[in-house]
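> What follows is each chain in one-letter form.
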Amino acid sequence: MSVILGQTFTGISIGAVLLLIALGLSLTFGQMNVINMAHGEFIMAGAYTTYVLQKSISDAGISLLVALPVAFCVSGVLGALLERLLIRRLYLRPLDTLLVTWGVSLMLQQLARDIFGAPNVQTRAPDWLTGHITLVGGDDPLTVADNRLFILGLAVAAVAALSLTLRLTPLGRRIRAVVQNRDLAEVSGISTSRVDRTAFFLGSGLAGVAGVALTLVGPIGPTMGTNIIIDAFLVIVVGGIGQLKGSVMVAFALGVLQSVLEYSTTVSVAKVLVLVAIVAFLQWRPQGLYTLRTRSLV
Amino acid sequence: MSGGLEIRGLRVVFDGFTAVDGVDLDVRPGDLRFLIGPNGAGKTTLVDAVTGLVRAEGSVRFGGEELLGRSVHRIARSGIGRTFQTATVFEELTVLQNLDIAAGAGRSMWTMLRRRRDVPVPVARALETIGLTDVADSPAGTLAHGQKQWLEIGMLLVQDVRLLLLDEPVAGMSHDERQATGELLERISEERTVVVIEHDMDFLRSFARSVSVLHAGRVLSEGTVTEVQADPRVQEVYLGHAPEVPSRGADDGPDDGDGGAAVGAGAASAGDTAADAAVQEA
Amino acid sequence: MNALKGRAARAWYGFAAGAVLLFAVAPAALSDFRLGLFAKYLCMAMVAVGICLAWGRGGLLTLGQGVFFGLGGYAMAMHLKLADAGPGNLPDFMQLYGTATELPWWWRPFANPAVALAATVLLPVAVAALLGLLVFRRRVKGAYFAILGQALAAAFAIWLVGQQATTGGTNGLTDIQGFFGYDLHDPVNQRMVYFVIAAVLLLVVLLARQLIHSRYGELLVAVRDAEERVRFLGYNPANVKLVAYVVAAGTAGLAGALFVPAVGIISPALVGIVPSIEFVIGAAVGGRASLAGAVLGAVAVAWARTALSEEFPAAWTYFQGLLFVVALAFLPGGLASLPAVVRRRRAAAPVAVGEAA
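Residue numbers (numbering that gives the first Met the number 0), protein chains in the order written: chain A, 0 to 297; chain B, 0 to 281; chain C, 0 to 356.
Be aware that one or more of the hints could be misleading.
Said to hold, decoys possible - Cβ pair distances, simulated, as ranges:
(1) A:P118 - C:Q162: 24 to 34 Å
(2) C:F179 - B:T110: 36 to 46 Å
(3) B:H198 - A:G152: 49 to 59 Å
(4) C:T305 - B:A143: 32 to 42 Å
(5) B:A143 - C:L330: 26 to 36 Å
Unchecked claim - Taking beta-carbon pairs under 10 Å as the criterion, some of the chain C residues facing chain A (in silico):
(6) L60
(7) G85
(8) F155
Said to hold, decoys possible - Listed below are the simulated EDC-like cross-link pairs for lysine to aspartate or glutamate, each with C-alpha atoms no more than 20 Å apart in a straight line:
(9) C:K39 - C:E309
(10) C:K39 - C:E277
(11) A:K54 - A:D126
(12) C:K140 - A:D95
(13) C:K140 - C:D224
(14) A:K244 - B:D14
Calculated from the structure, these hints are not laboratory results. Think of the CB as a built atom: it goes at the ideal place given N, C-alpha and C, for glycine as much as any other residue.
Take these sequences, add in the hints, and give me the full structure.
Next up, the structure:
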């Protein structure tokens with residue numbers, strides 16, 4: 000019994016990482032209706048930022064806490080640059096954007112390989128994240144690792160921060176206005192190009208934070224982003240574009256499903272089964288879990 | 000000529016907002032009916048419901064056949080065609096190819112897999128009717144705005160629909176083009192049933208055989224142009240000092256087509272501006 | 000109408016020139032080793048033909064072509080491994096890993112050459128038809144469709160790696176010796192394989208050209224540009240897209256099947272996300288909507304890959320990334336659109352050209 004529960008909790012923490020990534024994707028996807036394949040490399044940038052900071056700040060705890068804002072800014076700036084230099088030019092060509100950003104992601108991976116070397120590197124976890132909390136004691140104990148709890152907390156904080164920003168700040172109102180009706184927002188005096196860039200900064204910054212989180216549970220390598228980004232895309236596809244609550248629910252559901260299936264079958268079979276489940280789900284809700292029903296032709 | 004349109008108790012609800020609220024409408028075969036009403040009255044949504052684009056309750060019968068619940072392409076095959084507010088033609092294909100595609104929904108697999116060798120007779124006739132024979136081999140994307148709208152009508156003709164639902168077919172046309180379009184519609188309606196959504200009152204006065212006024216999702220008035228114009232309720236709606244109509248926020252309705260999903264809920268400031276614009280236009 | 004005839008004539012000249020190049024020039028000019036590589040490039044070109052149809056004409060960004068390539072390739076390789084092992088014997092890798100004592104049930108049909116050959120095309124076609132039906136019917140499109148294709152490629156590759164005892168795992172099916180009784184180590188037979196591939200490529204190009212210029216081809220473009228409008232004309236766009244997707248899948252399967260005797264291996268590294276997207280880049284560089292562009296682009300990119308990655312693997316990755324960016328951001332019609340772009344520039348700025356000349 001506790002094995003299943005433990006597996007579920009592992010799934011929840013996988014879901015938390017997925018959620019951090021999907022939040023950023025959802026923001027950029029919802030904003031400009033483009034899929035940014037280089038989002039995975041922004042995760043990688045966040046992870047390598049953590050690695051570099053730990054080299055210069057020897058205390059693992061401090062470097063981790065410093066890494067959070069720094070990685071957010073590093074990845075955010077990369078995202079804003081990408082938006083300014085390429086994505087802007089490809090407005091209304093979403094599929095071409097997908098492939099162009101894939102090209103960018105290839106180059107960023109190679110850049111990481113040239114700077115940090117092809118083999119994976121590792122960071123040390125701070126002392127206060129190496130233990131675990133025992134939820135149920137006794138002969139069949141259920142424990143939860145501290146680092147996984149930390150990631151979960153990070154994801155919850157990110158969701159809260161993002162949804163408060165969108166709801167309460169003028170910036171959030173502008174972003175929502177552009178998402179809902181770009182032309183109307185433009186003629187109402189909103190600089191859509193500035194809003195686009197800000198949204199890309201925020202979304203990519205969240206990828207950087209996800210990268211920091213990933214250093215706590217696995218190695219850092221040039222292709223670490225590619226491996227997880229597809230799952231994050233699936234979260235968006237299933238959750239519905241631009242829907243925070245959809246992303247939250249689906250991220251955790253996919254994480255748990257994957258983790259439970261891995262336990263009951265094998266990693267490779269679990270992947271296939273999850274995909275089958277997603278295609279089946281889309282038969283029921285082709286537009287994702289949450290959508291606004293509108294009359295638009297597309 | 001067969002088949003009138005018979006709508007009973009039609010309701011369309013979007014996420015709790017009722018866009019069409021129990022419409023009854025009869026269009027006789029061979030009629031040239033105009034649908035008018037302020038923005039958000041539910042005109043386009045009505046057409047969407049009839050053509051299967053949005054889900055609706057009630058009953059829509061054409062020539063005795065129930066249409067609700069059928070998929071878009073099946074409704075199209077039962078003889079109902081429509082145009083959109085913005086002319087939608089296949090811009091990269093030539094005028095001829097556009098018409099040939101419109102003519103061919105019933106073609107066999109074998110015909111589809113072969114090349115088009117000549118111009119099918121109905122296509123040639125439609126080219127003549129809409130006056131685009133000279134530009135038959137030009138890409139549709141290069142046509143003038145009015146020509147695109149004629150091409151759309153031509154596509155409905157070769158599709159051999161018995162009911163044409165036209166959404167603002169003369170928007171953006173010059174006076175002469177409007178006149179030509181109106182005459183074209185009169186000719187078409189000799190053999191087919193035509194329903195036109197239109198804001199242009201001069202155009203309506205010149206060509207409408209009958210008029211239905213929609214307001215807040217309901218039919219407010221119906222009759223000839225003179226009858227409708229004399230109806231005090233219509234004047235109230237159009238002059239804007241209507242007696243307390245139960246407010247359901249109908250006026251900033253989905254006519255603004257604020258397509259796409261939203262992050263979070265609630266009306267952004269942009270939404271309010273949309274309502275203002277709608278009021279001014281109405 | 001004259002312009003149409005001119006275009007058809009030009010296409011025929013191009014086709015004839017291609018045939019001469021493939022059957023006379025290349026075999027005479029290239030060494031056995033180079034001709035073998037060229038055969039491999041032609042397989043890439045075959046996949047690109049399908050992508051040209053599905054993506055260039057139908058707007059379906061197929062990011063999972065590796066799956067269909069792999070299905071075709073594995074179907075062929077399974078038969079060849081069984082044939083190499085001889086009747087009643089297990090393929091070498093199964094004996095090596097030593098877990099299986101008898102052939103898994105789903106390997107058995109592939110012992111029959113006719114079944115295996117049919118499967119190289121029918122398996123990808125069946126998978127594409129099933130997925131396409133489910134996806135197109137529910138109007139999942141655009142980027143969503145692309146992501147699903149990519150997820151499929153990822154899942155298929157991971158599954159193959161996980162089933163080491165029956166699929167050879169990461170190594171894949173390697174060291175294939177014979178091809179329907181012919182020894183693949185013999186250079187003469189390698190040349191024969193090349194000729195088979197060249198002939199099949201020409202046939203596939205002819206088939207695709209017929210499809211593109213048929214009424215169906217016009218309809219496909221219409222669906223690409225205004226799917227909803229097509230629906231209101233009484234067509235079901237799902238079926239229109241399905242045909243293009245299934246043909247592209249069958250073509251990729253055929254290419255995968257022919258790749259196996261040409262290169263002697265099929266492995267998960269050829270079917271995952273990365274190879275799937277690499278199939279697309281050739282078509283994008285050459286011109287996604289043009290058959291000749293897609294074929295030449297695929298061959299050129301595959302050649303550049305061999306030439307560059309042998310000596311400078313890092314440079315190749317940068318170059319490939321740059322290809323994506325330049326081809327799609329700045330020349331979306333690919334190299335095939337270059338003449339038209341230049342003509343337009345000249346027409347727009349005759350003085351500048353005059354100065355340059």
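> For every hint, state whether the structure bears it out.
The hints, checked one at a time:
1. Taking the beta carbon of each, P118 (chain A) and Q162 (chain C) are about 27 Å apart, inside 24 to 34 Å as hinted.
2. Separated by about 39 Å at the C-beta atoms, F179 (chain C) and T110 (chain B) satisfy the suggested range of 36 to 46 Å.
3. Distance hint check: the CB atoms of H198 (chain B) and G152 (chain A) are about 56 Å apart, consistent with the given range 49 to 59 Å.
4. For the hinted restraint 32 to 42 Å between T305 (chain C) and A143 (chain B), the CB-CB distance of approximately 51 Å leaves it violated.
5. The hinted range of 26 to 36 Å is satisfied by A143 (chain B) and L330 (chain C), whose Cβ atoms lie roughly 30 Å apart.
6. With 10 Å as the threshold, the beta carbon of L60 (chain C) comes within range of chain A, its nearest partner Cβ sitting at about 5 Å, so the hint holds.
7. Nearest Cβ of chain A to the Cβ of G85 (chain C): about 30 Å, over the 10 Å cut. The hint is violated.
8. Against a cut-off of 10 Å between C-beta atoms, the interface hint on F155 (chain C) holds, since the closest Cβ of chain A lies about 8 Å away.
9. For the suggested pair K39 (chain C) and E309 (chain C), the alpha carbons sit about 16 Å apart, so the restraint of at most 20 Å is met.
10. Taking the CA atoms of K39 (chain C) and E277 (chain C), the gap is about 14 Å. The hint holds against a cut of 20 Å.
11. Between the alpha carbons of K54 (chain A) and D126 (chain A) the distance comes to roughly 17 Å, so the proposed pair stays at or under 20 Å and holds.
12. For the hint linking K140 (chain C) to D95 (chain A), the alpha-carbon distance of about 14 Å falls within 20 Å, and the restraint holds.
13. Restraint check for K140 (chain C) and D224 (chain C): satisfied, since their Cα atoms lie roughly 13 Å apart, inside the 20 Å limit.
14. Between K244 (chain A) and D14 (chain B) the CA atoms are separated by roughly 17 Å; this keeps the pair inside 20 Å, and the hint holds.
Hint check: violations occur at hints 4, 7; the rest are consistent with the structure.
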